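*Asks:* If you want the building blocks of each chain, they are given just below.
2 protein chains.
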Amino acid sequence: MTEVITLAHGSGGKMTHDLIDSIFFKYFSNDILMQGNDSALLDLPGGKAAFTTDSFVISPVFFRGGNIGKLAVCGTVNDLASSGAIPMYLSCGFIIEEGLPVGDLEKIVRSMGETAMECGVKIVTGDTKVVQKGAADKVFINTSGIGFIPEGVCLSGAYAKPGDSIIVTGTIGEHGCSILLEREMLEINSEISSDCASLNKMVERVLGVTKDIHVLRDPTRGGLATTLNEIAKQSGVGIRLYDEKVPVREDVRGICELLGLDPMYMANEGKMIIILPQSSVEPVMNVLKREKQGANACVIGEVIAEPAGRVLMKTVTGGNRIVDMLVGDQLPRIC
Amino acid sequence: MTEVITLAHGSGGKMTHDLIDSIFFKYFSNDILMQGNDSALLDLPGGKAAFTTDSFVISPVFFRGGNIGKLAVCGTVNDLASSGAIPMYLSCGFIIEEGLPVGDLEKIVRSMGETAMECGVKIVTGDTKVVQKGAADKVFINTSGIGFIPEGVCLSGAYAKPGDSIIVTGTIGEHGCSILLEREMLEINSEISSDCASLNKMVERVLGVTKDIHVLRDPTRGGLATTLNEIAKQSGVGIRLYDEKVPVREDVRGICELLGLDPMYMANEGKMIIILPQSSVEPVMNVLKREKQGANACVIGEVIAEPAGRVLMKTVTGGNRIVDMLVGDQLPRIC
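Sequence order for the protein chains is A and B. For the record, in the first sequence the residue sitting at position 3 is 2 according to numbering that gives the first Met the number 0, with numbers rising by one throughout. For the record, in the second sequence the residue sitting at position 322 is 321 according to numbering that gives the first Met the number 0, with numbers rising by one throughout.
Source of the hints: derived by calculation from the structure; they are not laboratory data. Only a predicted model underlies this, so the values are computations on that prediction, with no experimental measurement involved. Heads up, some of the hints might be wrong.
Same chains, same names: a pair is fine if it fits in one copy or spans any two.
[Said to hold, decoys possible] Straight-line alpha carbon distances no greater than 27 Å define the calculated DSS-like cross-link-like pairs of lysine-lysine that follow: (1) Lys106 <-> Lys13; (2) Lys232 <-> Lys121; (3) Lys25 <-> Lys121; (4) Lys13 <-> Lys244; (5) Lys288 <-> Lys160; (6) Lys291 <-> Lys25; (7) Lys200 <-> Lys313; (8) Lys106 <-> Lys25; (9) Lys47 <-> Lys121; (10) Lys121 <-> Lys210; (11) Lys13 <-> Lys121; (12) Lys291 <-> Lys200; (13) Lys25 <-> Lys200; (14) Lys132 <-> Lys13.
Using the sequences plus the hints, can you model the full thing?
*Replies:* Spelled out as structure tokens, the structure:
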């Protein structure tokens, strides 16, 4: 480990995982934390609950398709939905840089209120800190959330099984690509906007047709490649993807090629990975196809026994290449 | 309202309350949030729970008596304890400035782990973000927490009643004073260190002898004066304090006089205000006196009917002066 924290430690990729293993798990170790899912599963007197937290430091604060406030609500709601929970309550903690226009704060807060309403969650507690100019960049938001897990729902990144199919609920890379374009003020004429969206209602409807689903997870920081690697390691299985099946918009693919980036590592903020037995694929795809956020859902691969902990990409020419976790940081402050 | 966010908006005083009323309550309005306590009270299937969040931006990160990590655990645990809850689960979200020594992060995390163990809470979920050098100041930590409220416990800032007594569990102003000394590197020879401590075990023992207590709240940002003003407004009552009864260490009083500050507005991080019927005072004081964190507990005043929403200080000479909420910001980034 390097001696100072670098941007790569916050990438969501390999170095983030190393930091979590070597420091956070070392001192915070307990049975619930070690489950290693996006939400902690709590056994409460009245049933199972999910609890999750996320801090948002995205730059710029306003972007095509959303803003830091909408993202903060969707991000935490989606983490709860990934555990199959019905999101119920959110907290929000603001760290604001002195000098932020009150009008900007109001836009962000209004957007959080509207998004919470759409998701059916209540923001029930909060905190506001202000730091001197230069001690933070505009505004950072933490949202933590609690949801309840319906009877019969049993999901975890550890439950992928050989033979399972892998669905992604839509085209990948839009969030990362859109932020990159805004931030670098690249003069590329494009229609790409962030896919930032809450997915809890869609997940509810999916679980309404079948509870025979093994893993749900949203491929945010580190992108589809990193999230699938996490699942492969957590479940002790291999994952084989079909290159031509991974849905990517043409413009996203073009911009990535131009800039030497890979959409597989670009962040998504409105997509879900669903890993499920083949028998559940048809009913789940039927539900997804009727959803705005699921219309472009595709089966992109399958779970295999070996090589355990690895993600392979089967290319159109029949070759196999290893798809690793994100190493370094493709794009800092993406969420 | 000014057009940009100022440090005073984060003081915990008057401008923080104005911001909460004019923006957060406007867009997030719901029955639970509007209770206006440090923790939200949730009616869960298995009983009552408390949910709270706090972001910590204290500077310096390491100080006499603690560090940002210990503070982050104690602060959230104490907010839960203020609702009478048994703290159970914490989340933690780190925002780290690129370049932070990994050794500093490890010290902070170790301290969080140790403090969590002492409090009997589990840190069950977390998040790590890293921002570029200059986009944050060293490290900010959000902790959110969940606790369960035992049967028969019913506390709120809205429940103070005329005739109630007011206890503070120890000498005030040490946290604020100690941070001020460290930060300004004032060459004052002093023994003052932060009172940063978790109070949940003490609160449990207090509630073990009587549940006939109306309000618990920890006087952090904005100090005793601001917190009592909050309670007076929330309960629609007046509060009369006895000047000579408010416990302040001699060295804290001296430094405050030297610098023109008032200990009544200095932050505390290991003190609790307890408002309770006179009949509960003796049993509660008996418990407190046996506790390390309660040995200097004093009855400092009483709840009166009028003037509603006001805090008065009865001076030794028999006069009454109004003690207002903190206006402006006495000391930014105190927690």
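*Asks:* Taking the earlier hints as the rules, which of them does this structure contradict?
*Replies:* 6 and 7
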